[in-house]
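K.L.:
Work out the full structure, taking the sequences as your base and the hints as a guide.
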Amino acid sequence: MAGQELEVQKKKELASQQEKTTPARFYVPLTDIFETGDALKIVMEVPGVPKDGVDVKIENDVLSMEARIETTNYNGLEPVYTEYPVGHFARSFTLPEQVDQHNITALLEDGVLTLTLNKRPETKPRRIAIQSP
Amino acid sequence: MTEEEIVIYSDSFDTLMQLQHALDSFRSGSWLNTSTSGGGAFPPLNVFSKNDDLVIVAEAPGLKKEELEIQVKGRTIQIAGTKSIAYGDRVSLHRRERTIGRFSRSLDLPVEIDADKVRAEYRDGMLAIFLHRAEHDKPRSIKIA
Numbered sequence: 001m002a003g004q005e006l007e008v009q010k011k012k013e014l015a016s017q018q019e020k021t022t023p024a025r026f027y028v029p030l031t032d033i034f035e036t037g038d039a040l041k042i043v044m045e046v047p048g049v050p051k052d053g054v055d056v057k058i059e060n061d062v063l064s065m066e067a068r069i070e071t072t073n074y075n076g077l078e079p080v081y082t083e084y085p086v087g088h089f090a091r092s093f094t095l096p097e098q099v100d101q102h103n104i105t106a107l108l109e110d111g112v113l114t115l116t117l118n119k120r121p122e123t124k125p126r127r128i129a130i131q132s133p
Numbered sequence: 001m002t003e004e005e006i007v008i009y010s011d012s013f014d015t016l017m018q019l020q021h022a023l024d025s026f027r028s029g030s031w032l033n034t035s036t037s038g039g040g041a042f043p044p045l046n047v048f049s050k051n052d053d054l055v056i057v058a059e060a061p062g063l064k065k066e067e068l069e070i071q072v073k074g075r076t077i078q079i080a081g082t083k084s085i086a087y088g089d090r091v092s093l094h095r096r097e098r099t100i101g102r103f104s105r106s107l108d109l110p111v112e113i114d115a116d117k118v119r120a121e122y123r124d125g126m127l128a129i130f131l132h133r134a135e136h137d138k139p140r141s142i143k144i145a
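Chains A and B, in that order, give the protein sequences. Position one of the first sequence corresponds to residue 1 (my numbering), numbered consecutively onward. Position one of the second sequence corresponds to residue 1 (my numbering), numbered consecutively onward.
Hints are computed from structural coordinates only; laboratory data are not their basis. Note that CB positions come from ideal geometry on N, CA and C, so glycine has one too. Honestly, I wouldn't trust all of these hints.
Chain A is faced by these chain B residues, among others (derived, beta-carbon under 8 Å) [to be verified]:
no.	residue
1	Ala41
2	Val47
3	Val91
4	Ala134
A few chain A residues facing chain B, derived, Cβ under 8 Å [stated by the list, open to error]:
no.	residue
5	Tyr81
6	Thr82
7	Pro133
P.N.:
Structural data, given as structure tokens:
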């Protein structure tokens, strides 16, 4: 894996703007989802988003993430060449039953947002001891 | 509705809208000679000008500063590094969209830059390289006697 050449993935525009009231375009962040023994982790790439630009909310078992990029950096800059579009990010996920909706943490580091969705204790894997007859 | 009829009330939205429009109109620009590694290489770049200076902006989330290498030689800039992800042990992957690997791309600028004044910043997963146009390469205005 280490020798592989990194490729650029085209940014995908958010298809449904249901809850977006702003005229600017949103993009879907590239996302990894994986599961550990105690938690489900959602890792999203949101380059250009500062800490206070992230908004995560849960409603009716749906987790919605919105991440707004800092645009003031672009003031006074004229584009002369471009390879990628710029915009805010948004994505929603339906939460599985085993997630404790009151025990979710978020960490933003170098443009990567990691949501840790802890599982409800009763859904964590348990080791069953085999009884001797 | 035509462009003129749209009223935008908020400044911050306005900035992004203008930026998106401006970038759209440059989508197939040929200003930069990227033939050395081809356009479409990682990281994707946008180049902006500010007066005589240039700013190269790249989306490169999840890198470590130490893993980024930037070299300037004449009109050529090289950006190289490695992106890796540590998932940890004993995990099961449900979805995998992020990619990892080595990258290296170089670009030839159409202007001469002052190699001593090149400055780079990596913040919030964005790389910005600030370039100053070489003094002797700047356009001069000629006064008419």
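K.L.:
Each hint: holds or not?
P.N.:
Right, here's what the structure says about each hint:
1. Ala41: Hint on Ala41/B: holds, closest Cβ of chain A at ~7 Å, below 8 Å.
2. Val47: 4 Å, holds
3. Val91: Check passed: Cβ of Val91/B comes within 5 Å of chain A, closer than 8 Å.
4. Ala134: The hint is violated - Ala134/B has no Cβ within 8 Å of chain A, the shortest such distance being about 17 Å.
5. Tyr81: 4 Å, holds
6. Thr82: Since chain B brings a Cβ to about 5 Å from Thr82/A, closer than 8 Å, the hint holds.
7. Pro133: Not OK, violated: Pro133/A not within 8 Å of chain B, min 32 Å.
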